[in-house]
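A.B. asks: Start from the sequences, fold in the hints, and give me the full structure.
Quick mapping for you: the protein sequence lines, in order, are chains X and Z. In terms of my numbering, the first sequence is numbered consecutively and its last residue is 153. In terms of my numbering, the second sequence is numbered consecutively and its last residue is 506.
In short, the hints are calculated from the structure, not lab data. Some hints here could point you the wrong way.
[To be verified] From the derived model, a few chain Z residues whose C-beta atoms are all more than 12 Å from chain X:
#1 F10
#2 V23
#3 L47
#4 C121
#5 L126
#6 P248
#7 R252
#8 L341
[To be verified] Pairwise CB distance ranges (calculated):
#9 R249/Z - T85/X: 51 to 57 Å
#10 R2/X - R284/Z: 55 to 61 Å
#11 V125/Z - R75/X: 35 to 41 Å
We put the beta carbon where it would ideally sit given N, CA and C, even for glycine.
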Amino acid sequence: MRTADLTTAAILLVLGLVVLGDSIRLGYGWGTDGPQSGFFPFWMALLMVVACAFIFLQALRREAGPAFVTRDQIRPVMAVLVPATAMVLLTQFIGLYVASGLYLGFYMRWAGRHSWPAAIGLALGVPVITFLIFEQWFLVPMPKGPLEHWLGY
Amino acid sequence: MGLENIVLGFQQALAHQNLFFAVLGIMLGTIIGVLPGLGGANGVAILLPLTLRMPPTSAIILLTSLYWGALFGGAITSVLFNIPGEPWSVATTFDGYPLARRGKGGQALTAAFTSSFVGACFSVVLITFFAPLLADVALHFGPPEIFAIQFLTFSAFVGLGGGNPLKTVVSILIGFILGAVGLDIVTGQLRMTFGTTELMQGFDFIVAVIGLFGIGEILLSVEEGLSFKGVSSQMNLRVVLETWRILPRYWRTFLRGAVIGFWMGFKPGGATPASFMSYSFAKRFAREPETFGKGNLEGVVAPETAAHAAGVAAMLPMITLGIPGSPTAAVMLGGLVMWGLQPGPLLFKEKPEFVWGLIASMYTGNIIGVLMVLAFVPFFAAILRIPFAILTPLITVVCAIGAYAVHNGMIDIWYMLVFGVVGYVFKKLDYPLAPLVLALVLGDHAENALRQSLIMSQGSLAIFVVRPIAAVITLAGVVFFALPVITPWWQRWRANHAGTPEPGKA
Chain X
1 MRTADLTTAA
11 ILLVLGLVVL
21 GDSIRLGYGW
31 GTDGPQSGFF
41 PFWMALLMVV
51 ACAFIFLQAL
61 RREAGPAFVT
71 RDQIRPVMAV
81 LVPATAMVLL
91 TQFIGLYVAS
101 GLYLGFYMRW
111 AGRHSWPAAI
121 GLALGVPVIT
131 FLIFEQWFLV
141 PMPKGPLEHW
151 LGY
Chain Z
1 MGLENIVLGF
11 QQALAHQNLF
21 FAVLGIMLGT
31 IIGVLPGLGG
41 ANGVAILLPL
51 TLRMPPTSAI
61 ILLTSLYWGA
71 LFGGAITSVL
81 FNIPGEPWSV
91 ATTFDGYPLA
101 RRGKGGQALT
111 AAFTSSFVGA
121 CFSVVLITFF
131 APLLADVALH
141 FGPPEIFAIQ
151 FLTFSAFVGL
161 GGGNPLKTVV
171 SILIGFILGA
181 VGLDIVTGQL
191 RMTFGTTELM
201 QGFDFIVAVI
211 GLFGIGEILL
221 SVEEGLSFKG
231 VSSQMNLRVV
241 LETWRILPRY
251 WRTFLRGAVI
261 GFWMGFKPGG
271 ATPASFMSYS
281 FAKRFAREPE
291 TFGKGNLEGV
301 VAPETAAHAA
311 GVAAMLPMIT
321 LGIPGSPTAA
331 VMLGGLVMWG
341 LQPGPLLFKE
351 KPEFVWGLIA
361 SMYTGNIIGV
371 LMVLAFVPFF
381 AAILRIPFAI
391 LTPLITVVCA
401 IGAYAVHNGM
411 IDIWYMLVFG
421 VVGYVFKKLD
431 YPLAPLVLAL
441 VLGDHAENAL
451 RQSLIMSQGS
461 LAIFVVRPIA
471 AVITLAGVVF
481 FALPVITPWW
491 QRWRANHAGT
501 PEPGKA
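C.D. replies: Spelled out as structure tokens, the structure:
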């Protein structure tokens, strides 16, 4: 837990410094007609750097404590995160509907060991229903790929 | 205030179209409240892009109804599954789940819904009377007062939020900084984009909410090992009527819970402490405190009344001051801006049909809500019996759709994933997420108020203490900020001087 706390504080501190640098570039003082663009981010970033430094010191003085995440805990988290990332990556190329169908079907077979008919049924049904709701009913376009183009959308 | 306003409101709220949206909203909201990983803030965020083509009054009725539904839905999972769907339903599990295990789930749920309803009504009545008054006062506020209120809002998180105050401060600052990324509308300069086009449009709070609360919550719940072992409940008219006959006995608990809820609720982050506070008060004043935690109906009434009263009260600062009292209210506030409305006291003058339609819909929405959840408990409880391997990808896909719909941008889905991981890590390390979201929503607003104040004063911060109203609010904010420093100091001082230190809370 302590290592994670230290790492997070350090990352946030660095981010604060980056923002601080950009605010100084923009100018954090008084312009011709009021505070300059960098004024607000400058003080926010400065406070953040100070606060993160304190959190870092607090964590340093503490006992190490239990692990941030155990091996048994991280496995199910990754089992959700990796397929989800793959789905987003696929969406970029083949559109949301096809990607979400593949994702649903894969996840049901792999994580839930559902039967093939159930997996295929939902993998086809859910994208079709979302398509009807979003493209037809609410007229909100979703990312589309080759299949939708072939179908004429 | 005139009676004609509330009549105008009810004309809006009772229009067929708006009644339909209220029913739809409560239906979706209850489902969202029952599902892990989706809560009020999230549901509202996902639905927000779909409301852009609706009239604003219908849109806000849909979204607020969703919020009431989510509040009701949280009670179902707490009582039947021992899983608090929202942080403010944690206290409901203490007595609700033991009751359900003894086969009294029906009573517990009836008590929970009825208490929610009573708490909500109490707050709505107060809002009906106080909102116009508060808006009138707020009309005279200038930029310094507005900035002082923002300051007070965020200091309340630091002072009352519990946890590590430094981490709360960092969360707030991250929200403000993320909000500042992109084009600065005042000077036309690009900030913190580092030459990339992707960062030019900045970070949208909707995407942040969906990622932080939606994806982050899923990751957290799978880590804890999801296992829904529900207790089935008997829910029929006889049980409901019998419970209603018992409930008036607890009128003191109702009243106490509603007052605590309203008082805590219109300050940010108030619903959760309100529910715990109401529970512990009920226990302290009870004739048999030892029965609490083992299945006392009063232990369900107390937190639910307070949580729902607080949830409704969070709408008061949103409609009068343009400052949201909860993350869900923050998302709705963002919605107001997207529909082309200017949140704040002027709404009462310029869009009375919107404001009063919203207030009237709080009455109708909660009446529809309590009837619907009472009637459809088995249906809502069945949702949690959907296998996990179907729920997880479904929720992820719904989140992705919601994120994409904001700007039709693929990058937002990636941001959503990143925010999800950040939410997971922050939750584990005790960085609170609600202040981050609120700061992201209010960022521009706060910065403009600060800029205008400083322009008025030629750059002197004294403007926040010279103007009387601003001074009082600023002072209150400073006190909240100082609370985490003062409290331990004060306790030590008391322990030294009182001789015999009091046990428990000092």
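A.B. asks: Please go over all the hints and tell whether each is borne out by the structure.
C.D. replies: For each hint, the structure was consulted:
no.: 1; hint: F10; verdict: 28 Å, holds
no.: 2; hint: V23; verdict: 17 Å, holds
no.: 3; hint: L47; verdict: 10 Å, violated
no.: 4; hint: C121; verdict: 33 Å, holds
no.: 5; hint: L126; verdict: 35 Å, holds
no.: 6; hint: P248; verdict: 44 Å, holds
no.: 7; hint: R252; verdict: 43 Å, holds
no.: 8; hint: L341; verdict: 21 Å, holds
no.: 9; hint: R249/Z - T85/X: 51 to 57 Å; verdict: 54 Å, holds
no.: 10; hint: R2/X - R284/Z: 55 to 61 Å; verdict: 37 Å, violated
no.: 11; hint: V125/Z - R75/X: 35 to 41 Å; verdict: 51 Å, violated
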